[in-house]
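Novice: Sequence:
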Amino acid sequence: SETQLLAQMVKDTDGFNRWDAAQRIALAEMKRLYDGYTATGAMPSVSRSYLDSFSGTLAASAKPGADLALIVETLALPKNIELEAALEKASPSAVAAVRKHLREVIDTELVTQLKAAYTT
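Here the numbering used here is used: the first residue of the sequence shown is 1, the next is one more, and so on.
Check each hint, because a few of them may be wrong.
[What the hints assert, rightly or not] Mimicking DSS-like on lysine-lysine, the simulated pairs with C-alpha atoms at most 27 Å apart in a straight line are: (1) K100 to K31; (2) K100 to K115; (3) K31 to K63; (4) K11 to K79; (5) K31 to K89; (6) K89 to K100; (7) K115 to K63; (8) K11 to K31; (9) K89 to K11; (10) K89 to K79; (11) K11 to K63; (12) K100 to K79; (13) K115 to K79.
[What the hints assert, rightly or not] Quick list of simulated restraints, FRET-style, between CB atoms: (14) E73 to S49: 18 to 24 Å; (15) D35 to D67: 31 to 37 Å; (16) K115 to A76: 15 to 21 Å; (17) G15 to A85: 20 to 26 Å; (18) D52 to A97: 21 to 27 Å; (19) G65 to P92: 36 to 42 Å; (20) R24 to A96: 26 to 32 Å.
These are calculated hints, taken from the structure and not from any lab test.
Glycine included, C-beta positions come from ideal geometry on N, C-alpha and C.
Take these sequences, add in the hints, and give me the full structure.
Specialist: The following block contains the structure:
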């Protein structure tokens, strides 16, 4: 379930499982944004639960011994082509708009944490 994936993204002890959960939940969030955007022409808000899980994963980078390369891969958003493949009929411009919007919201909402992780 979404709740399980969000928790797994932050708390699972296996790095691959965290990465897999993060990719699956990011793709689901991107699909939700895409569906809302293409249906209404307005970009929906990014889910607070997604941002909180992203934040929790980012906070894990501050822990001693954290595998920073794995955390970077875990937080990387799926590529446009991955979202396009998950949709029945994809509009490339809408896919690009969704990914750009999600990146901008993450950058804005988590700017302090991103800067702290970068300088650590």
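Novice: State for each hint whether it applies.
Specialist: Outcome of the hint check:
no.: 1; hint: K100 to K31; in the structure: holds, 13 Å
no.: 2; hint: K100 to K115; in the structure: holds, 19 Å
no.: 3; hint: K31 to K63; in the structure: violated, 32 Å
no.: 4; hint: K11 to K79; in the structure: holds, 24 Å
no.: 5; hint: K31 to K89; in the structure: holds, 12 Å
no.: 6; hint: K89 to K100; in the structure: holds, 19 Å
no.: 7; hint: K115 to K63; in the structure: holds, 15 Å
no.: 8; hint: K11 to K31; in the structure: holds, 24 Å
no.: 9; hint: K89 to K11; in the structure: violated, 35 Å
no.: 10; hint: K89 to K79; in the structure: holds, 16 Å
no.: 11; hint: K11 to K63; in the structure: holds, 13 Å
no.: 12; hint: K100 to K79; in the structure: holds, 11 Å
no.: 13; hint: K115 to K79; in the structure: holds, 23 Å
no.: 14; hint: E73 to S49: 18 to 24 Å; in the structure: holds, 21 Å
no.: 15; hint: D35 to D67: 31 to 37 Å; in the structure: holds, 34 Å
no.: 16; hint: K115 to A76: 15 to 21 Å; in the structure: holds, 18 Å
no.: 17; hint: G15 to A85: 20 to 26 Å; in the structure: holds, 24 Å
no.: 18; hint: D52 to A97: 21 to 27 Å; in the structure: holds, 24 Å
no.: 19; hint: G65 to P92: 36 to 42 Å; in the structure: holds, 41 Å
no.: 20; hint: R24 to A96: 26 to 32 Å; in the structure: violated, 21 Å
Checked against the numbered hints given earlier, the structure breaks hints 3, 9, 20 and satisfies all the rest.
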